[in-house]
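Each chain, written out:
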Amino acid sequence: MSEALLVQEAGAATTAAPASGASPFWQRLRTQRAVLVAAVVVALLVLIALGAPLLAAIEGQDPTTYHPKLVDSATGGVPLGSFGGISAEHWLGVEPLTGRDLFARVAYGARVSLGVALAATVAQVVIGVAVGLSAGLGNRYVDQALSRITDVMVALPVMVIALGVLTVVPASVPRPVLIAGVIGLVGWAGISKIVRAQTLSLKSRDHVAAARLSGWGGVQIARRELLPALAAPVITYSVLLFPADIVVEAALSFLGVGIKPPTPSWGQMLSDADTWYQAAPTYLLIPAALLFVTVFALTVLGEGVRTALDPRAASRLPIGTSRKKSGKKSGKKKEAGA
Amino acid sequence: MRQLSPRAASTAAIALVLALGAAACGPKDSGAASSDGGAPQKGGTLTVLNAKAQTNFDPARLYTSGGGNVPSLVFRTLTTRNREDGAAGSKVVPDLATDTGRPSKDATVWTYTLKSGLKYEDGTAITSADIKYGIERSFASELSGGAPYLRDWLIGAANYQGPYKDKKGLASIETPDAKTIVFHLNKPEGEFPFLATQTQTTPVPQAKDKGAKYELHPLSSGPYKVVKNEGDGERLTLERNKYWSGDDERKAYPDKIDVRSGLDSAVINQRLSASAGTDAAAVTTDTNLGPAELAKVTGDKKLAARVGTGHFGYTNYLAINPKVKPFDNPKVRQAISYAVDRTSVVNAAGGSSLAEAATTVLPTQKSFGYTAYDAFPAGESGNAAKAKELLKEAGYPKGLTVTLTHSNDKDFATSPEIATSLQEALKKAGITVKLQGLETNAYNDTIYNVKSEPGLFLGGWGADWPSGGPFLAPLFDGRQIVKNGYNFNAAQLNDASVNSEIDAINKLTDLDAAAKRWGALDKKIGAQALTVPLFHPVYKRLYGSAIKNVVISDWTGVLDISQVAVK
Chain R
1 MSEALLVQEA GAATTAAPAS GASPFWQRLR TQRAVLVAAV VVALLVLIAL
51 GAPLLAAIEG QDPTTYHPKL VDSATGGVPL GSFGGISAEH WLGVEPLTGR
101 DLFARVAYGA RVSLGVALAA TVAQVVIGVA VGLSAGLGNR YVDQALSRIT
151 DVMVALPVMV IALGVLTVVP ASVPRPVLIA GVIGLVGWAG ISKIVRAQTL
201 SLKSRDHVAA ARLSGWGGVQ IARRELLPAL AAPVITYSVL LFPADIVVEA
251 ALSFLGVGIK PPTPSWGQML SDADTWYQAA PTYLLIPAAL LFVTVFALTV
301 LGEGVRTALD PRAASRLPIG TSRKKSGKKS GKKKEAGA
Chain L
1 MRQLSPRAAS TAAIALVLAL GAAACGPKDS GAASSDGGAP QKGGTLTVLN
51 AKAQTNFDPA RLYTSGGGNV PSLVFRTLTT RNREDGAAGS KVVPDLATDT
101 GRPSKDATVW TYTLKSGLKY EDGTAITSAD IKYGIERSFA SELSGGAPYL
151 RDWLIGAANY QGPYKDKKGL ASIETPDAKT IVFHLNKPEG EFPFLATQTQ
201 TTPVPQAKDK GAKYELHPLS SGPYKVVKNE GDGERLTLER NKYWSGDDER
251 KAYPDKIDVR SGLDSAVINQ RLSASAGTDA AAVTTDTNLG PAELAKVTGD
301 KKLAARVGTG HFGYTNYLAI NPKVKPFDNP KVRQAISYAV DRTSVVNAAG
351 GSSLAEAATT VLPTQKSFGY TAYDAFPAGE SGNAAKAKEL LKEAGYPKGL
401 TVTLTHSNDK DFATSPEIAT SLQEALKKAG ITVKLQGLET NAYNDTIYNV
451 KSEPGLFLGG WGADWPSGGP FLAPLFDGRQ IVKNGYNFNA AQLNDASVNS
501 EIDAINKLTD LDAAAKRWGA LDKKIGAQAL TVPLFHPVYK RLYGSAIKNV
551 VISDWTGVLD ISQVAVK
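Line by line, the protein sequences give chains R and L.
Residue 1 is where the first sequence starts when you use UniProt numbering, and the numbers rise one by one after that.
Residue 1 is where the second sequence starts when you use UniProt numbering, and the numbers rise one by one after that.
One or more of the hints may lead you astray.
[Unchecked claim] Which bits of chain L does chain R cover? Going by a derived footprint, with three or more residues having C-beta under 8 Å, they are:
{"no.": "1", "segment": "348-356"}
{"no.": "2", "segment": "423-436"}
[Unchecked claim] Covered stretches of chain R (in silico footprint by chain L; criterion: 3 or more residues with CB under 8 Å from a CB of chain L, positions within the stretch not fixed):
{"no.": "3", "segment": "68-80"}
{"no.": "4", "segment": "89-102"}
{"no.": "5", "segment": "250-263"}
Just so you know, these hints were derived from the structure itself, not from any lab.
This one's a predicted model, so the numbers in the text were calculated from it and none came from an experiment.
Each residue gets a CB set at the ideal place from its N, CA and C atoms; glycine is no exception.
Using the sequences and the hints, build the whole thing.
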């Protein structure tokens, strides 16, 4: 705890939460109602993703079985019945042409969307933090080299690179792993830049200097002195990266280079549904609405986390101003520090 | 037998055939009533809304079936397709010539006589020497693109370099006088009249030939001449050729034809259904209605009345390569044949209005020699029990795992929907199917190469003309297996009895008799379970609200632009 205290005394804005302020953090998060709603939505989606086989079993369907009798073959394969064939057996109706169950496909699709985005975000954070820290702590040459590489990576358009790589790599490589890997390998530059800048400013602080004088090595300093202080910006950034990665995966699947059939993914469902917007609107609306809700909820959640971790923003929360004494105090203190 | 040369002809060819698609027009009994009443009148401007440009608009370079749709407005050929609705439209009829050709006894020499009074757009007379020159220049490497048949069939043509390099020309094409042309073939070919419909038999006067630049202003022999060609056929403006003396096939009602390409298929269908302004007098020669668009159109009676339906001779199938294990075992192939669920496949291909279940390789039109058979009756939704039984006999009592290669195109033909529907059906028979989806180019390079050909893949075939020959010969003639290049004999079948039957049928000049034997041959090969026929596609296309006289032949399956009137 000593290092955290030092940091606080030094007045670093971003350090409060993880070290000494775990409970104020939750407190600040809880006061934002929109964030609570978003958190519940995200939790539900995660449950759907994790429990997809179970939910499909409860419904009595699976995502790949064809039901040729449930579509009107003569008119191009529109689902029979109203609202895309929604019924007690098929909760969200069936897919045009094939008659596959949409609820099962959406639930299984959630696994791909959330799973790939999570893996990609983790990869981005790990690479970004590693590169950023090394650049911040390394000597002039290391910093120069890594920073230039980071600049190049910032300039690289993720979508274009991913499109290229995914088209070339043979189909035998498991697609979800590949997509997560590509997004991770191309999209880490933002985090790396933040971490480097933060590291440079922390490096000159007294507690880091003290650690160095005590003869600590670079790795030890990074782990014990820097990482705790970096947690806030990194967490904030990664919570915002996550929905962006969902969108990238959906876009890649939409363009036909992402997840391969018969595995469903939301982006791929959108891609198949794009011509059906007039003939079978629910087919398009369901994956589109889910994608929208997911990304929106995650973005709200990300914003909430950022607000809770950022003392300047937190000071504008009710607890940060008048309602609670402790909150007011800490808020003011941060403000002064910043 | 026609040897498809190693160049990538065929797929490109089929695509082109579809794009340029020749539709027939019913001349005399144009009973094909269309939208509003009233007899079709001359005049007006017809707009053509297309996805693909009319690239390389040179008769030497076009790969067409029956002379093409737009090309046939400008280029007349020795023979052409009969422009009538349905089955009557799959006949060959004379165009520049007085008849469809007079064969020698063994069908190796074909003689044509030109009609009188034929003129180009500049008023000069069309001669048989111009037709010979037109064919010769199609051999020049800078004017490549046509079908390989002329090179394969004409004596001494295999290594001919075209008239720019070889001034002597082809000795196997004789022009004893200005109206007569004689072809000497290296083997009997009873279907030469079909070949003579292709644009390579269009006359080109040597004095006007500008080589590769000729396509900018080809000399018209047909009802229209090219007045403007922008962006390599992206925008083509055609106006009346006043020296066209009229012919029995082309109606040529509109005064002007405006071809606009480079449009998205969704845009084309949207504009045709809205039919606003000049789009009311518009048609498309390359864009079909997709399943979702069909679903929307069928819900609207007015729109549904503006849909032209046709059958082009095409078959989509599951191709099996017996050189790959375990497909060398006939019982495994039979098990797969029994297991397919054609109802699901047809649905995945767009439903029963856009696809008809197939159990034969030959399309169902009479001209192909269609002979009904169902060698391995799978019923409507597959016979999993019978398939399991066969697998057991083949030594796979616990089932087996195979890989199915398909394309990632959204074409409802070789696309993932079809592949997953087969995956599901085969699962019921204990066959686990792994899917290998490839992008268009990789897909074509893989399946048409004997070295990389997968054991099981989604394929399809459309013939260059409506006969069993250009269907069965490329697919099953053992001498047409191409080792270093595009190979279409997917089964790599080299069966002496099949080869000799193909030769025997090619000698026939009675095309009805030939058709019957093609049908019998199809049935015979079908028993070997080398391909699993899945469906024959049906073409549905919208046309504008002012369009009259819609004629759709079985040759092309699409509306014939030479018959359309806008007034």
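Structure-based check of each hint:
Residues of the segment 348-356 of chain L lying with their CB closer than 8 Å to a CB of chain R number 6, which satisfies the three-residue condition for coverage. With a cut-off of 8 Å between beta carbons, the segment 423-436 of chain L has 5 residues touching chain R; three or more are needed, and the interface restraint holds. Coverage of a stretch by a chain is defined here by at least three residues with a beta carbon nearer than 8 Å to that chain's beta carbons; for the segment 68-80 of chain R and chain L the count is 9, and the condition holds. Under a criterion of three residues with beta carbons nearer than 8 Å to beta carbons of chain L, the stated coverage of the segment 89-102 of chain R is upheld, 4 such residues being counted.
Given as covered by chain L, the segment 250-263 of chain R passes the check, having 4 residues with a CB less than 8 Å from a CB of that chain where 3 are the minimum.
Against the hints set out earlier in the document, no violation occurs for any number.
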